[in-house]
Amino acid sequence: MNYMRSVNFSIIIAVYNASLTIKQAVESVLQQTYTNFEIILINDGSQDNSGDICCELGRMDNRIRYIEFPCNLGLSHVRNHGILSAQGEYLGFLDADDILELNALAVCADNLKNKPADILVCGFFEEYRTTNKKEPFRLCKLPGHGFYSSPDDISDAVLEMIRSSSFCYTWNKLYKRRFLIEQGITFQKYPYIEDILMNLEAFARCSSVILMNVPLYHYNRGVQFSLTTRFEPNFLRLHQYLMDKEVTYFSAANHLKQAMSVLTCQYLKLVFTALQMTFYKGAPAGIMKVLLMETFQYPHHKLFMSFVHQLPLKYQLLGLILNFHSPKIIRGVSYCIYVAKHKLIRLWCAVK
Numbered sequence: 004m005n006y007m008r009s010v011n012f013s014i015i016i017a018v019y020n021a022s023l024t025i026k027q028a029v030e031s032v033l034q035q036t037y038t039n040f041e042i043i044l045i046n047d048g049s050q051d052n053s054g055d056i057c058c059e060l061g062r063m064d065n066r067i068r069y070i071e072f073p074c075n076l077g078l079s080h081v082r083n084h085g086i087l088s089a090q091g092e093y094l095g096f097l098d099a100d101d102i103l104e105l106n107a108l109a110v111c112a113d114n115l116k117n118k119p120a121d122i123l124v125c126g127f128f129e130e131y132r133t134t135n136k137k138e139p140f141r142l143c144k145l146p147g148h149g150f151y152s153s154p155d156d157i158s159d160a161v162l163e164m165i166r167s168s169s170f171c172y173t174w175n176k177l178y179k180r181r182f183l184i185e186q187g188i189t190f191q192k193y194p195y196i197e198d199i200l201m202n203l204e205a206f207a208r209c210s211s212v213i214l215m216n217v218p219l220y221h222y223n224r225g226v227q228f229s230l231t232t233r234f235e236p237n238f239l240r241l242h243q244y245l246m247d248k249e250v251t252y253f254s255a256a257n258h259l260k261q262a263m264s265v266l267t268c269q270y271l272k273l274v275f276t277a278l279q280m281t282f283y284k285g286a287p288a289g290i291m292k293v294l295l296m297e298t299f300q301y302p303h304h305k306l307f308m309s310f311v312h313q314l315p316l317k318y319q320l321l322g323l324i325l326n327f328h329s330p331k332i333i334r335g336v337s338y339c340i341y342v343a344k345h346k347l348i349r350l351w352c353a354v355k
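Per our numbering, the very first residue in the sequence shown carries number 4; after that it's consecutive.
Treat the hints loosely; a few may be bogus.
Derived DSS-like pairs (lysine-lysine); straight-line CA-CA distance at most 27 Å [unchecked claim]: (1) Lys144 - Lys118; (2) Lys260 - Lys292; (3) Lys317 - Lys260; (4) Lys284 - Lys192; (5) Lys248 - Lys260; (6) Lys305 - Lys248; (7) Lys248 - Lys144; (8) Lys305 - Lys317; (9) Lys260 - Lys272; (10) Lys292 - Lys331; (11) Lys305 - Lys144; (12) Lys248 - Lys272; (13) Lys272 - Lys331; (14) Lys26 - Lys118; (15) Lys305 - Lys284; (16) Lys192 - Lys248; (17) Lys284 - Lys331; (18) Lys317 - Lys292; (19) Lys272 - Lys317; (20) Lys331 - Lys317; (21) Lys118 - Lys192.
Estimated spans, in silico, between C-beta atoms of each pair [what the hints assert, rightly or not]: (22) Glu71 - Gln186: 25 to 35 Å; (23) Arg66 - His328: 31 to 41 Å; (24) Leu306 - Gln186: 25 to 35 Å.
If you're looking for bench data, these hints aren't it; they were derived computationally from the structure. We put the CB at the ideal spot given by N, CA and C, even for glycine.
With the hints as extra help, turn the sequences into a complete structure.
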């Protein structure tokens with residue numbers, strides 16, 4: 004690869020009680036075949052020995068900078084601090100329990116040296132671990148491929164990324180630091196949706212994007228899904244707010260008509276994700292009825308449901324079930340989804 008124009012990176016890692024995984028995450032960066040980078044470790048008030056491990060790693064390599072907060076301030080605050088502290092031309096975000104492919108930065112640098120886009124997006128592996136298998140079950144998610152510099156093309160790229168489930172994260176993307184700072188783009192404090200809200204703002208303001216159909220990131224989904232251990236009372240409302248933001252984004256880009264089928268699929272997935280969470284421990288009695296009422300009263304509900312007939316068959320079925328307005332039928336389907344997500348991971352991944 005030709006590195007005549009050297010690209011330097013800042014990899015920001017938020018650390019919170021990550022003593023079991025942080026060393027592997029950092030080593031996946033230190034072992035990169037491309038070496039022009041810095042690592043910013045930000046300890047967000049960890050209660051375990053993550054801080055000691057980070058300090059030890061910092062003593063091993065002068066490309067590591069360590070920042071420590073005395074109390075837990077949240078992921079958005081940590082990442083915003085990282086953006087302001089970074090010195091690299093491009094910023095990347097690595098979760099403390101994930102890893103990079105060894106050639107990740109080399110591939111990114113090779114793509115950016117001649118076309119220094121505001122944002123670069125790569126593919127990733129989504130990995131599920133079960134208690135009785137050492138090797139994870141792995142899905143490969145690819146965002147598409149190409150260089151996009153017109154507003155229409157960038158909107159098309161965003162739509163393709165939403166379709167391929169590669170838009171809602173920040174860790175499979177690199178952002179030009181000057182672009183983020185000059186545009187005042189930061190993470191907002193909205194649990195579970197801070198990444199996608201940041202991306203909507205960034206892609207609305209950027210002038211160029213590179214998509215690469217190359218999986219360079221390993222996303223560790225763990226033994227179970229990250230939200231399956233507890234009921235989240237605000238999950239539905241937060242994601243309705245997100246859907247509002249996506250409708251606004253595509254409306255402003257004059258792409259709403261083209262986007263409605265994809266957004267409707269996304270809407271149905273989030274509704275049934277919220278409903279199957281009513282089977283989690285800690286879910287209050289009668290919460291299914293409350294969530295259904297919030298769903299049917301959501302201002303964009305009828306808009307999304309009017310596009311159900313244009314969707315793939317599995318989404319048409321979900322839309323039909325929701326349109327029955329029958330709590331018993333909806334509850335039964337939601338329970339089947341719950342069982343598939345928890346007990347039949349391979350089946351769930353095949354149909355989701």
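To see whether the hints hold, each was checked on the structure:
| no. | hint | in the structure |
| --- | --- | --- |
| 1 | Lys144 - Lys118 | 23 Å, holds |
| 2 | Lys260 - Lys292 | 32 Å, violated |
| 3 | Lys317 - Lys260 | 21 Å, holds |
| 4 | Lys284 - Lys192 | 26 Å, holds |
| 5 | Lys248 - Lys260 | 15 Å, holds |
| 6 | Lys305 - Lys248 | 17 Å, holds |
| 7 | Lys248 - Lys144 | 24 Å, holds |
| 8 | Lys305 - Lys317 | 19 Å, holds |
| 9 | Lys260 - Lys272 | 20 Å, holds |
| 10 | Lys292 - Lys331 | 10 Å, holds |
| 11 | Lys305 - Lys144 | 30 Å, violated |
| 12 | Lys248 - Lys272 | 17 Å, holds |
| 13 | Lys272 - Lys331 | 19 Å, holds |
| 14 | Lys26 - Lys118 | 33 Å, violated |
| 15 | Lys305 - Lys284 | 31 Å, violated |
| 16 | Lys192 - Lys248 | 15 Å, holds |
| 17 | Lys284 - Lys331 | 20 Å, holds |
| 18 | Lys317 - Lys292 | 24 Å, holds |
| 19 | Lys272 - Lys317 | 11 Å, holds |
| 20 | Lys331 - Lys317 | 19 Å, holds |
| 21 | Lys118 - Lys192 | 32 Å, violated |
| 22 | Glu71 - Gln186: 25 to 35 Å | 29 Å, holds |
| 23 | Arg66 - His328: 31 to 41 Å | 58 Å, violated |
| 24 | Leu306 - Gln186: 25 to 35 Å | 30 Å, holds |
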